Structures are given as C-alpha cells and as structure tokens.
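Colleague: Chain by chain, the residues run as shown.
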Amino acid sequence: MQKILKKFLLIFSFSLISAAGIVWACGGGDWDEADYSNFAPEAFVDRQYSPFFYNSWQSYYGTDVNDNSNTRYNRQVVEEWDGHLKNKVAVKDVNTLLFTASYGGIDSAYQYFKGKLSALPATLPDLKTSGLSKKQGETFFSYLLLAKQCEQFAVSNTTYYWDEKVPLVTPAPEIKGSLEKAFKKSRDPFVKQRYWFQLLRYAYFEELPALKADSSAGPDNSGLVTLFRQHENSFPKNSMYYRSLGYLAGHYYKRQDYAQANYLYSLCYNFSSEMKIPSKWSFHPQNEKDWAGSLALAKNNEEKITLWQMLGTVHDENRAIENIYLLNPKSEKLDLLLSRLINRIEVPSFDSVMDTGARPKIKAEDLALTGRIAAKGDTRKPWYWNMAAGYLHALNGDYVPAAKYYAQAKSQLPANDRLLEAQYRLLHWNLTLSSLKNIDGKAESSMIADLNWLADLRDQKDTVANLRYQRALSESIRILSARYKKQGALIKAECFQSGTAFYANDKNIEAMKALLNKSSKTEFEKTMLRYYPYDLADLHYQQGLMLTYQEKTDAAISSFEKAGKSAAQDMMANPFNSRINDCHDCDFQAVQTKKYTPLTLLRTIKTIQSEIAAGKNLYTNNLLLGNVYYNITHYGNARDFYQREITVFSSTSPMDIPKEFRPVFTSSALAEKYYLRAGLAAKTNAQKAKCTFLAAKCERNAIYNDLYNEPANQKKYYWEFDFSTAYAAKYFAELKSKYRNTAFYNEIIQECGYFRSYVNKF
Amino acid sequence: METELLHTAADKQLYLRFFDVVWNEQARQSLPDGLLAVKQSLRGIHITPVIYITNQALTYTRPAETDSLAAKVNRLLSRLTSEQGIQYQNVQIDCDWSVSTKTTYFAFLRAFKRYSGKKLEATIRLHQIKYPERTGVPPVDKGLLMFYNMGKISADLNAPNSIYNEKDATAYTAAIPYYQLPLDVALPVFSWAIQIREGKIQQLYAKLGMADLSNPANFRPVSAHVFKALKSFYLKGLYIKNGDLFKFEGMDAESLEQAARQVSKYLAPMENRHIIYYEISSTSLLPLYAKDIKEISAHF
Chain V
1 MQKILKKFLL IFSFSLISAA GIVWACGGGD WDEADYSNFA PEAFVDRQYS
51 PFFYNSWQSY YGTDVNDNSN TRYNRQVVEE WDGHLKNKVA VKDVNTLLFT
101 ASYGGIDSAY QYFKGKLSAL PATLPDLKTS GLSKKQGETF FSYLLLAKQC
151 EQFAVSNTTY YWDEKVPLVT PAPEIKGSLE KAFKKSRDPF VKQRYWFQLL
201 RYAYFEELPA LKADSSAGPD NSGLVTLFRQ HENSFPKNSM YYRSLGYLAG
251 HYYKRQDYAQ ANYLYSLCYN FSSEMKIPSK WSFHPQNEKD WAGSLALAKN
301 NEEKITLWQM LGTVHDENRA IENIYLLNPK SEKLDLLLSR LINRIEVPSF
351 DSVMDTGARP KIKAEDLALT GRIAAKGDTR KPWYWNMAAG YLHALNGDYV
401 PAAKYYAQAK SQLPANDRLL EAQYRLLHWN LTLSSLKNID GKAESSMIAD
451 LNWLADLRDQ KDTVANLRYQ RALSESIRIL SARYKKQGAL IKAECFQSGT
501 AFYANDKNIE AMKALLNKSS KTEFEKTMLR YYPYDLADLH YQQGLMLTYQ
551 EKTDAAISSF EKAGKSAAQD MMANPFNSRI NDCHDCDFQA VQTKKYTPLT
601 LLRTIKTIQS EIAAGKNLYT NNLLLGNVYY NITHYGNARD FYQREITVFS
651 STSPMDIPKE FRPVFTSSAL AEKYYLRAGL AAKTNAQKAK CTFLAAKCER
701 NAIYNDLYNE PANQKKYYWE FDFSTAYAAK YFAELKSKYR NTAFYNEIIQ
751 ECGYFRSYVN KF
Chain G
1 METELLHTAA DKQLYLRFFD VVWNEQARQS LPDGLLAVKQ SLRGIHITPV
51 IYITNQALTY TRPAETDSLA AKVNRLLSRL TSEQGIQYQN VQIDCDWSVS
101 TKTTYFAFLR AFKRYSGKKL EATIRLHQIK YPERTGVPPV DKGLLMFYNM
151 GKISADLNAP NSIYNEKDAT AYTAAIPYYQ LPLDVALPVF SWAIQIREGK
201 IQQLYAKLGM ADLSNPANFR PVSAHVFKAL KSFYLKGLYI KNGDLFKFEG
251 MDAESLEQAA RQVSKYLAPM ENRHIIYYEI SSTSLLPLYA KDIKEISAHF
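Line order of the protein sequences matches chains V and G. With the first letter of the first sequence counted as 1, position 239 gets the number 239 in my numbering; the numbers rise by one all the way through. With the first letter of the second sequence counted as 1, position 276 gets the number 276 in my numbering; the numbers rise by one all the way through.
The reader is advised that the hints may include incorrect statements.
Said to hold, decoys possible - Some, not all, of what chain G presents toward chain V, calculated at C-beta under 10 Å:
id : residue
1  : 23
2  : 31
3  : 75
4  : 225
5  : 228
Stated by the list, open to error - Here are the simulated BS3-like pairs of lysine-lysine, each with C-alpha atoms no more than 30 Å apart in a straight line:
id : chain 1 : residue 1 : chain 2 : residue 2
6  : V       : 363       : G       : 152
7  : G       : 130       : V       : 716
8  : V       : 280       : G       : 130
9  : V       : 404       : V       : 376
10 : V       : 181       : V       : 134
Because the hints were derived from the structure by calculation, they are not lab data. Quick caveat: nothing in here was measured; it's all calculated off a predicted structure. Virtual Cβ for every residue (Gly too), placed ideally from N, Cα, C.
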C-alpha cells in the first residue's frame, strides 16, 4: 500500500511515461513471453526459481504463484500440523480449524472435545472420535485459540472498502501475556516453537505504530532481538524458524538497519521456494554502504552468492553473474540469472515492434561475459553457457562464433532431455535461418525437416512442454518470405507469408492454383504449403469475386461453383432490396422469404440480365441490378459478399479495405449505371424520382470515396471526416426541379435529413 | 520548512489529498486507496480536501453507480475530516478525465455537489483547456489550471524542461481566456530526475536532487542538467547502473517567475485567485522561500 501511495504523489508524470513508450507492453493479458522468445528458462533453471523467470509485464512468471501474504504458508502449516497430530485428524478438519473457523467456532469444537458441550454445529469438526489424547487435544486447541486472536493484527486486509475504520490494529497487551505464559509452560517443542514465532510476530507488530512516524527513532525496547537470539538454537532450522527470522529481518528493516535486514531476508529466500517471493519482495538495499554491509555479514561464499542472486534478479544480472562466478563458477544460482539476462535482451524494443526486421542491440559486455564463461567451460552446465553465448552472438549477427558455441553445446548436451534437445534444435534452426543467403535447391532440402517440425509444433502434432517456438515460427515465415521475394520467387514468398497485393493480379492466382493442383509436389513444396493459409476454393472465390464486379457473370458463376462453402453461405440480407436510408442492421433483421448465397446471387443476376436482353420488365430489372451492384459494395447491405480473408475480413471502414481492392469494393458506378437505365425505362414520375434518388446515393458515395482516397487523408480516422455538406448536387437538383410534385419526393423529404437540409439550403 | 512556508507565505491555505478513488479489479468496484494519515496538527490551517479519481475508476463505473459512488466519497470524506476536526468549505476533485469518461465524471461531480453541499473545484489539465469542445467543461464552481507538465518527458538530453518551458506553454495559453470557468492556477515547484538507459527512459525519481547528482564519486556531469553514473550502485533505495544518464528537471525561482508571468497574462481578472504551488512536500527538494512565493504570487 505504501508503494502505491508514493506513486500518487507523482501521478501526472506516471501517466505521461506510460504514454511515452511502454504502452505496447502493457496491453493486458494477451502478452506471453513465449511470443518473442527463443529461449525457455525451463530448459536450464531449477523449477523453484520459476516465479523469477524473466517476465516483461508481470511481477512473477507463471500462473501458480501465490502472492498472497495471508495464505502463502497455509498448505505448509496444515502439513506440519498433520504430521504433528500423527494423521489422526482429517486434513480437511485441520484446515477448517486453522483457517476458516472463528474464535467462537474453535472454542465450541474444544468444549465439545472436552465433553462440556453436548452438540456441535455440522460445520465444525468433531475431534472427540479422532483418537487424539486429551493432552494432544488440549495443546492443539489452546494454541489455536491464541493464534486466532493474533490474526487480528497479523492477517492484513489489503483492500479498504468504503465504510470501515482505517485498519491499523494494535495488538492487545493481554495477548502478549497469554503468549508468554503458554510459551514458558509448553514442553512440546513443536508447539513451543510456534509460540516463540507468535511472540516474535507480536513484538514486531507491537512496535510498528511507534516506528511509523520516524522509523529510525528511539532505542529498541521491543525485546524482539533478544527473544530471537535467546531461543534460536533450541529449535530446528525449519520453516517456522525462517518465518520467525523474517520478522527479525522486518524489525531491522523498519529500524533502518538495512545491512542486517537484507542479509536476513537473503537467508529466508534461500530456505524454501515458498519464502522466495516475500523475501525478494522485502529485499531493498538503500545505499551501496548497507549493501556492502549485508555482504560482510554473510558467513561464507554461498551466503554471499545468495545475496548477489537477489541483487541480480531485482536489478542487475550482469553484475551478479560476474560476482557469483568469481565466488563459485559451479554455483547453481548462476542459472536463473543467465536465463534472465537472455530473456531480457530478447524483449522486442518499441523500434523492433514497429519494424520487425530491426535487430536488437546486444551490449558488448553481455557478449563478452557469456562468451568468456562459455569458453572457460567450468560451470555446472557448460552447454547452457554455450547455447546462451551462441544465441547472443547470433542475435548480434555474429554467425560464425555463434556456430562454434552451438557446436560445443551439442557435444556437451546431456542425453534424454527432450526439452533441452528441442531447445538446441530451435536455436540451431534460428541460426540457419538468420545466416541464410541465397536459397537454392540444396538449402531447401536442408530446411525441410525443421520447417515440418515447426509446423507440427504449431499444429500441436508434436508438443514439447515449455518450449518457446512462436518467435522462431514467425521469424521463419517472415525471413523466408522476404528472402524469396528478393530472389523473385513470388509464389514461394506468398506461401510463407501471405499478402493482399498478390491477389490483385490474376496471373498470380493462376500460378498459385497450378502449384496447388500439381499432382507430384516435391517434398519441399509439400512442406512449404503447410504454411500457406488458403486452399483452391478460396482462390476460386477470389477470382469469381473480381469477375462479378467486371460483370463477367458466366465466368464468375463458374468460379463460384468451384468455391465450395465460401460461395454457399447464406448472406445476411436480401441484396436485391434498396431503401432511402441505408440501414444494414434493418436489412439483416428484415423477414427474408428467400435467402441468397453468393452463388445464387450471381445466378439471379444472370436471369435478370437475360430478361433485360429480351426486353422484359426493363424498369424493375434494371432497378434490381442497380440494387445488387450497390449492395455488394461497402455502402450496401451485402458486404459479406466481398469480406473474405484474402480481401481482409473485418473492414468496417473503407480505410480498412486494402488499397488494391478499395476502388472496386467502394465504387457505386455500376449501380448508378443501372439506376439511370431503370430511370429511362420508368413509366411514372414517381418511378423516375426513385431512380434519380438512388443514383444520388451513388453520387454521394463517389464524393465519400474521393475524400477517403485523398492522399492527405490517409492517416485520418473515419470519424474525423465531415460529410455533412457533401451534397449529391447533380441528382438532388434534378429531383428538386423535376419531381417536386411526386409522392416519393415527399417521402424522401420526410425520411432523409440529408436531402431535406439540401432542399432548405438551395 | 514546509510548515514555515505554509504559515508565512501561503496564508495558511493548504490543499490536502485525502484519498484516491481507484478501480479494484478483485472487488470489481471503485474503492478508496492511499488514505491520508495525518501526523501533525492541522489546527489553524484552512484545508481544502482533495480527492483524486483515476480515469480508470470512471471508465469502469457504470452510469447507474455514479450517484452511489458520489455518496460514498462524500461520506468517507466527511468522516475523515471530522476525525481530524477539519472544517472545509471547498472540495477539489482531481481527475484526468477523457472524452470517453466525460459523461460519467460530470454526473459524478453533480451528484457529489448535491451530497456535499460544498463548493467544488476541479483540476483542469492543459489538454483539457485546449480542447474544451471535446473534453467538456466540468460542472463545478471553479477550475484549477495545472500549469505544468506541458512538454514530453523525453530521453532526448537536449529536450526542453517538460515540467515547464515557455515555448511549449504557448501551445496552450491562447485557449485560457476562453475557458468557461473561473480559474485558480497551480504552478510547479517539484523536480525529478529522469533515468535514461540505452536511450530509453527507465523511471522518474523525485527523490534525486541536484545535490545527489553533483556528487563526483558517483556521477560525471555531461551538461548542466545531465549526469552520467560512473558505476553500478545503490543510492537512496534506487539501483543505478554504470552508464545510466540522469536528466534533472526542476524549477527555480526564475523559471517559476517566468511561468507566473506567462500564465497571468491570459487569465481573466478574478478576486482572491488562489495560486497553488504543486507540491510542497518533503519530496520536493527545491529551495523555495516565502519571499519567492510572495513575489511570484504578486503577478496575479
């Protein structure tokens, strides 16, 4: 809480900072270390350190981290009691009594146990039948009752709601007396040690309020240090001991003896994985002098190494590695730091997010450090250092030394470690890919196995737990595509990384169809096509789509007939309808007695066209064609006709439509042509007025399109455009001068504010 | 020193932040946070309570909950002030609201006014003064123009002071006379050091001052306001890496005077305008004296 409070003193600066550069890294939960990393710490580092594996957006790595100070040790405490009570009480009952039962509840269970209460609520455990002796039960319950009272001050509720008092509970003095008495009286070392812990914790919380005003002030009257030192050797060095030590550390910390505090925290950190998170959280050297003091307190090199590991994890991996390596090159505490060093370097910078080709800057000191230790070969896991040094060199573009480190690593790899082997393979592939120049047949053959392996991983046909392959996958796609593009092999480039522009040229589509249709594909072609996202049906649909807008209806039908499901999906609205005000949602919801698919839409166009050719129903038929050609543009109710993956599925604004296709999908010229023809064939003035109005909508769309396509507007959002006075002047003038007396004219005056404002203005 | 300033220069007027209202993800509601812990007597000092509301809290507060949020804020403030025996006539709400939270925020202000019956003052940031048609003008009695943080906090060592510089300020001053609220003004008296590593900003530290950065055992001056760390070390609880650059940004009496002169030209005349020096706390290490404050305040 204290931390957050301090932040608010500077709240304005913080909000500015986040806007300045790190926003992209804080998008929320959809960011995964595996996305940008080639280097899995799980392959090298002991699991107990996993919360401290590098994580660019959260405090701790992984999902099974318990960061709740109130519940962190619960499991352990239950286990300890269970052992002490010789498994006589069911674990769930121990759990209930320790953590959920109230003081009154515990007391009832105790009274019942003693026979002083005849009935017990069902929620409370019955220990009478458990086989606990009277003495065991008494010891257990007496402790529980006191411990429960201590929770008032020791268990903190970190969330402050609106109406309660500010929660700062000072321990009640009578609890201290009871604890002291119980501690003195207790003969059972297990329980005695717990009373000792309770007393220490009591002393810590007792002095807290006085320290808050000025934590350095006053002599230490808490008795905490004496209490600790007096009895520390009477008890085993178990978790109870280290939790007590944690309060001693906290005591020193609050009294600003940072050298002692941080040294003691490091002992707790080293004791167990449960204690690592709180100890690291509390570890805060203030000045270089107290940091040196902590190091001086360390009794041996291993204790110094723990301190250095903590400094390294929190602040400076490089400096910590240097120092630990000097103290003991075989220290397992190097492992975590090396993984963090590598993973931190891998995080894409803002520049490289913008430009995926940008190479990360690797600092010379990091290259030198990993290279030097790898070359020495005197660590516990020499292959790890060789892989790390090789990878950093590869990232830096030094492919020859990278290959040498990898070759060393390969010769040192322990057998039968699947993750480690996969990790090696991934790094090796990464180097192959990065050092690739011209891709010839030989190079292609050599890539087949790895490319298939990556595709298998992607498709979950092969799984290696914890392996981080996403970056390798996306880099493979990007690098191979770019390389082929450079070599002029457009089809291969497209197979690895698909782009919209490719499909603007029908020759490309034909060539891709030929490849997909090829009966005897080479192994490499088969592998490559595992990366291609589309199939023949998609390509036929794309061809049919473009033919539709060219009014090559027969050819379009023939393409759609080969397009499978794509051309057979029901469309959301009836594309042959029109309305005064475009309203796609209304059209989607309207009762549709006949549902159209892209294919039946085209067949209907063909029927209408033949009727027009035969001179039948010219007004209605031309109107219907006008409507359908209007609706299959951005402005109409049938955007689902053109919204496919190739042409970008989710284009809600015309600006989202790829520029290659934007002119076709936004143009109302075809619709306008048929509306004008319908107008010529119209019999009544009302019909003519309607055609003119529908043509006016096309005219207005053209104005919109001009604005959208203007180079100066390419960076604008669609809501920044102002169309309120962009009138379809040509057809509006015609409507006003010729059809003012029709019923339809009144209808549009009523319904179309845009037209109304024109009429009022001109 | 703060106490002395308060009594001699500030006419015993103090704006005091009582708590923040922040969105609590676990509780799925907006809750108070960082409640003020008063350690010294505030007797004889005129306090204007300040409540800071995060924009996120507004984002997640549903329109139907705005009214009850206002009631809760008012209830908590009444309790905290009465515990301290504080009488107050005005409340300042500090919030960097945005276009999307405008409606909720303004509804909150109206409801809060209704519940508290006090005069309300709202902070107005520079982007809000510049684009009132977009961000709206809050329904309060008075605004407090925050005349600082106008530049970009930048890793560029030659970039002008982001807290205040005359040139960046001109982008906003023209809009000041047209703002539809009487305005008090807050002037910056804070400083910070921007830690820059490999060309990127790492953090801002208000607790590092010129005295720390001028220590030749730890830093080498690169320019008048930029210092380079000579080693990796701990300092005041911060960890500094060899080669880190620290760019100091702060205000001195002269720049404060310049800011005052610049902004005062654009303010409509107003009786009893409050000039708020943000912020005089033990973390702002600026040597500022009562005499300076009186001189600067004389511009208004």
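Colleague: Just to be careful, I want the Cα atoms of residue 181 of chain V and residue 134 of chain V compared with a cutoff of 30 Å; is the pair within it?
Modeller: holds (20 Å)
Colleague: Any CB of chain V closer than 10 Å to the CB of residue 228 of chain G?
Modeller: violated (16 Å)
Colleague: Need the status of pair residue 280 of chain V, residue 130 of chain G: alpha-carbon distance at most 30 Å?
Modeller: violated (46 Å)
Colleague: So if I understand the rule, the pair passes when the alpha-carbon distance is 30 Å or less; does residue 404 of chain V with residue 376 of chain V pass?
Modeller: Status holds; Cα separation ~14 Å.
Colleague: Please verify that hint: residue 75 of chain G, Cβ, nearest Cβ of chain V, below 10 Å or not.
Modeller: holds (7 Å)
Colleague: Does residue 31 of chain G meet its interface restraint, that is, does its C-beta lie within less than 10 Å of any C-beta in chain V?
Modeller: Because about 6 Å separates residue 31 of chain G from the closest Cβ in chain V, which is inside the 10 Å limit, the hint holds.
Colleague: So, as I understand it, the hint says residue 225 of chain G touches chain V; can you test that by seeing if any CB pair is closer than 10 Å?
Modeller: The hint is violated - residue 225 of chain G has no Cβ within 10 Å of chain V, the shortest such distance being about 17 Å.
Colleague: Was the hint right that residue 23 of chain G lines chain V, CB cutoff 10 Å?
Modeller: For residue 23 of chain G, the interface hint is violated, since the closest Cβ of chain V sits about 12 Å away, which is over 10 Å.
Colleague: For residue 130 of chain G and residue 716 of chain V, compute the direct alpha-carbon distance and say whether it is at most 30 Å.
Modeller: Cα-Cα ~20 Å, so holds.
Colleague: Are the Cα atoms of residue 363 of chain V and residue 152 of chain G separated by 30 Å or less?
Modeller: holds (28 Å)
Of the numbered hints stated above, those contradicted by the structure are hints 1, 4, 5 and 8, listed in ascending order.
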